[in-house]
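Trainee: Sequence:
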Amino acid sequence: MAPTDETGQLAPHTAPSGPTPPERPPADGAVGAPAARMPRWLPRALVLALSLYAVFQLGSWAFHQLTGLLINILIAFFLALAVEPAVSWMASRGLRRGLATALVFLAVMIATAGFVTLLGSMLAGQIIKIVEDFPDYLDSVINWINGHFHTELRRVDVQEGLLRSDWLRTYVQNSATGVLDVSTQVLGGLFQLLTIALFSFYFAADGPRLRRTICSVLPPARQTEVLRAWEIAVNKTGGYIYSRGLMALISGIAHYVLLEALGVPYAPVLAVWVGLVSQFIPTIGTYLAGALPMLIAFTVDPWYALWVLIFVVVYQQFENYMLQPKLTSRTVDIHPAVAFGSVIVGTALLGAVGALIAIPAVATLQAFLGAYVKRYAVTDDPRVQGHQRARARPAALSLTTRAWWPGVRRRPADGAAGAGAADSGAEAGRTEPSGPAGEEPTVPGETGGGSVSRSGGGAS
Numbered sequence: 082m083a084p085t086d087e088t089g090q091l092a093p094h095t096a097p098s099g100p101t102p103p104e105r106p107p108a109d110g111a112v113g114a115p116a117a118r119m120p121r122w123l124p125r126a127l128v129l130a131l132s133l134y135a136v137f138q139l140g141s142w143a144f145h146q147l148t149g150l151l152i153n154i155l156i157a158f159f160l161a162l163a164v165e166p167a168v169s170w171m172a173s174r175g176l177r178r179g180l181a182t183a184l185v186f187l188a189v190m191i192a193t194a195g196f197v198t199l200l201g202s203m204l205a206g207q208i209i210k211i212v213e214d215f216p217d218y219l220d221s222v223i224n225w226i227n228g229h230f231h232t233e234l235r236r237v238d239v240q241e242g243l244l245r246s247d248w249l250r251t252y253v254q255n256s257a258t259g260v261l262d263v264s265t266q267v268l269g270g271l272f273q274l275l276t277i278a279l280f281s282f283y284f285a286a287d288g289p290r291l292r293r294t295i296c297s298v299l300p301p302a303r304q305t306e307v308l309r310a311w312e313i314a315v316n317k318t319g320g321y322i323y324s325r326g327l328m329a330l331i332s333g334i335a336h337y338v339l340l341e342a343l344g345v346p347y348a349p350v351l352a353v354w355v356g357l358v359s360q361f362i363p364t365i366g367t368y369l370a371g372a373l374p375m376l377i378a379f380t381v382d383p384w385y386a387l388w389v390l391i392f393v394v395v396y397q398q399f400e401n402y403m404l405q406p407k408l409t410s411r412t413v414d415i416h417p418a419v420a421f422g423s424v425i426v427g428t429a430l431l432g433a434v435g436a437l438i439a440i441p442a443v444a445t446l447q448a449f450l451g452a453y454v455k456r457y458a459v460t461d462d463p464r465v466q467g468h469q470r471a472r473a474r475p476a477a478l479s480l481t482t483r484a485w486w487p488g489v490r491r492r493p494a495d496g497a498a499g500a501g502a503a504d505s506g507a508e509a510g511r512t513e514p515s516g517p518a519g520e521e522p523t524v525p526g527e528t529g530g531g532s533v534s535r536s537g538g539g540a541s
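The sequence shown begins at 82 in our numbering and counts up one residue at a time.
Mixed in with the good hints there might be a few duds.
[What the hints assert, rightly or not] Computed Cβ-Cβ distance ranges for the label pairs, DEER-style:
hint: 1; residue 1: Asn401; residue 2: Val454; range: 27 to 35 Å
hint: 2; residue 1: Pro383; residue 2: Pro349; range: 18 to 26 Å
hint: 3; residue 1: Ala418; residue 2: Arg290; range: 38 to 46 Å
hint: 4; residue 1: Leu244; residue 2: Thr276; range: 38 to 46 Å
hint: 5; residue 1: Arg245; residue 2: Pro349; range: 38 to 46 Å
hint: 6; residue 1: Arg245; residue 2: Ile391; range: 32 to 40 Å
hint: 7; residue 1: Gly242; residue 2: Thr276; range: 47 to 55 Å
hint: 8; residue 1: Pro216; residue 2: Asp247; range: 43 to 51 Å
hint: 9; residue 1: Phe137; residue 2: Leu244; range: 24 to 32 Å
hint: 10; residue 1: Phe144; residue 2: Ile209; range: 43 to 51 Å
hint: 11; residue 1: Arg293; residue 2: Gly175; range: 45 to 53 Å
Just so you know, these hints were derived from the structure itself, not from any lab. Idealized CB from N, CA, C, for every residue including glycine.
Go ahead and model the full structure; you've got the sequences and the hints to work with.
Mentor: In structure tokens, the structure reads:
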């Protein structure tokens, strides 16, 4: 029977002497073992993470599907900003804003259609002339080859060789196959132009309503910032269009002088073509602008085409590195290097569209953020001013000089003998450094009446 204490409870067993053996782990499935539970927040976290991932994938897919539409809307917005000054001017004279926008767009469409019609008729006539004169050009080339290389080529043999070549047969087959693709691309381009024109009209005609809609969901302080950014965007885009138009005028005049000097027909129309296409079609505009004058010059003299090519290349370098940075920095008010870099970045991000809108976008962003950058007065230092200033004669010793030369003081000027005597009396008991060969040490940079000497008891 187990021993009990006075209360009738079982007495605790006395632990046996010696080391206590380790307890055995409970067997699997034993009663009383603690069960591991899943945290309550883990299922919700998993569902939330999967939902966010699904939303991200859906948004990424939708963005890639709508990239073309978003780019068209971006182009339309900048076109609306470009015509905003003209529309606002006409609206301030009493015209309805919708009618003013329609008149501006109608004027642009008439000018574009007239230019394209004139250019197309000129180009068609020149192509017909090139086809008619091609045998004469081929005869002159064959005669030149026979005279210099002592060959016996004939035009009939060359024509038969071209007609029976596999290259021509393959080219004709590929061209026939690609007719449908070209037609599809043309229709797609027309639909894209229509989309851009429609959005541009809405943005320009309903500009005040659009601004009111945006400001209605913002607090008053934010409304002021949005309206200010909008005004800056209008000014910078207008300045960019002005600079492009000015460069187109200069380019057209330069190419007109060259084409007129060479006697190339349709020189005024070709000059307008070069100016507009090279400035308002980024990336490939220069090559399209130079190809047509070269083609027309080839009909006059093949060597004239070479001269036109050389002039186009040289003028393009002059425009890229000298003319464009200067005009852009004045009209859009950004640094030439920033303008050049913004075009490169815009081309890398959005291609030709990015190159076209990069400069006004960067100018707008720079002007808007400039109001929030705190600026300070710049120190008057030669390294900041860019030139070496003439060092003025110091009026007194600096603290640094006195620290290194404790016994050196400035020689008093005329009329200040009393102050000099008082200073020398205060410094009479100091130990002063000895100069070489008994000379009085002078502080560098002090000359004439401002020289500094060592004096034991008074002014010298």
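Trainee: Between the beta carbons of Ala418 and Arg290, is the distance compatible with 38 to 46 Å?
Mentor: Between Ala418 and Arg290, where Cβ atoms are some 39 Å apart, the hint holds.
Trainee: Return holds or violated for the Cβ distance of Pro216 and Asp247 against the range 43 to 51 Å.
Mentor: Violated, at about 24 Å.
Trainee: Taking the CB of Arg293 and the CB of Gly175, does the distance hold inside 45 to 53 Å?
Mentor: The hinted range 45 to 53 Å is violated for Arg293 and Gly175, with Cβ atoms some 21 Å apart.
Trainee: Per the hint of 38 to 46 Å, is the separation of the Cβ atoms of Arg245 and Pro349 within bounds?
Mentor: Given a distance of about 43 Å, which is inside 38 to 46 Å, the answer is holds.
Trainee: Quick check: does the Cβ-Cβ distance between Phe144 and Ile209 fall within 43 to 51 Å?
Mentor: Between Phe144 and Ile209, where Cβ atoms are some 48 Å apart, the hint holds.
Trainee: The hint says 24 to 32 Å between Phe137 and Leu244; measuring C-beta to C-beta, is that right?
Mentor: violated, 59 Å
Trainee: Starting from the hint 38 to 46 Å, judge whether the C-beta atoms of Leu244 and Thr276 obey it.
Mentor: For Thr276 against Leu244, whose Cβ atoms are near 44 Å apart, the range 38 to 46 Å holds.
Trainee: Is 27 to 35 Å right for how far apart the beta carbons of Asn401 and Val454 are?
Mentor: For Asn401 and Val454 the Cβ distance comes to about 30 Å; the hint holds.
Trainee: I want to verify a distance hint. Is the separation of the beta carbons of Gly242 and Thr276 within 47 to 55 Å?
Mentor: holds, 48 Å
Trainee: For Arg245 and Ile391, compare the CB-CB distance with the range 32 to 40 Å and indicate the outcome.
Mentor: holds, 37 Å
Trainee: Does the Cβ distance between Pro383 and Pro349 fall inside 18 to 26 Å?
Mentor: Cβ of Pro383 to Cβ of Pro349: about 23 Å, so the range 18 to 26 Å holds.
In summary, the numbered hints that this structure violates are 8, 9, 11.
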